[in-house]
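Using the sequences and the hints given, assemble the complete structure.
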Amino acid sequence: MAASSAISVCPHKLLWCQQPKPRKNFVSCCVSIPSVVKGTQSSKIPNRRSGRSEGPGKSMEDSVKRKMEQFYEGSDGPPLRILPIGGLGEIGMNCMLVGNYDRYILIDAGIMFPDCEDLGVQKIIPDTTFIKKWSHKIEAVIITHGHEDHIGALPWVIPALDPHTPIFASSFTME
Numbered sequence: 001m002a003a004s005s006a007i008s009v010c011p012h013k014l015l016w017c018q019q020p021k022p023r024k025n026f027v028s029c030c031v032s033i034p035s036v037v038k039g040t041q042s043s044k045i046p047n048r049r050s051g052r053s054e055g056p057g058k059s060m061e062d063s064v065k066r067k068m069e070q071f072y073e074g075s076d077g078p079p080l081r082i083l084p085i086g087g088l089g090e091i092g093m094n095c096m097l098v099g100n101y102d103r104y105i106l107i108d109a110g111i112m113f114p115d116c117e118d119l120g121v122q123k124i125i126p127d128t129t130f131i132k133k134w135s136h137k138i139e140a141v142i143i144t145h146g147h148e149d150h151i152g153a154l155p156w157v158i159p160a161l162d163p164h165t166p167i168f169a170s171s172f173t174m175e
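Final position of the sequence shown in full-length UniProt numbering is 175; the numbers increase by one with none missing.
Label-pair distances were calculated between CB atoms; the ranges are:
id, residue 1, residue 2, range
1, Pro84, His136, 16 to 24 Å
2, Pro84, Asp118, 17 to 25 Å
3, Glu175, Asp102, 31 to 39 Å
4, Glu148, Gly89, 12 to 20 Å
The calculated SDA-like cross-link candidates involving lysine to any residue, where the alpha carbons are at most 25 Å apart (straight line), are:
id, residue 1, residue 2
5, Lys123, Glu148
6, Lys123, His147
7, Lys132, Asp162
8, Lys123, Asp149
9, Lys133, Tyr101
10, Lys123, Ile142
11, Lys132, Thr165
These aren't lab readings, by the way, just hints derived from the structure by calculation.
Backbone N, C-alpha and C fix where the C-beta goes; we use that ideal spot for every residue, glycine too.
Have a look at this one:
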């Protein structure tokens, strides 16, 4: 049976036509590498940042702030940026931002089911604080297919987005 490539579109338009001024004819990607402690050779121990709390005092907001410090913002730097919000190196909670400078597409918004050790936890969702903070940069949502690990967090992600952000998916997935 042949796969269909039809796409259903929300009533909003995707304005991804305008491109920023091209920099060079190569593509690069942001990758964060841990800092090396001064005074030691080939040490891979990351430097401690001042003001960072350790242990149970850490909050989700601190985590988002640290992640945003690691991820470069602005028009300088690599043109292609990939930011996994969930699902990288794990099964479930697939959610990723892919963009060019300050314009991004959110690919999937899934949940992850907990392990048997996580008593009382029913589902794990991506951190929507980051999505809400960058909602003005997210121009569209693309849903690859209708499995829970790709669409399950939509009830939490959609309210965090701009109300005019279009959602693209196949007609089967949109049903």
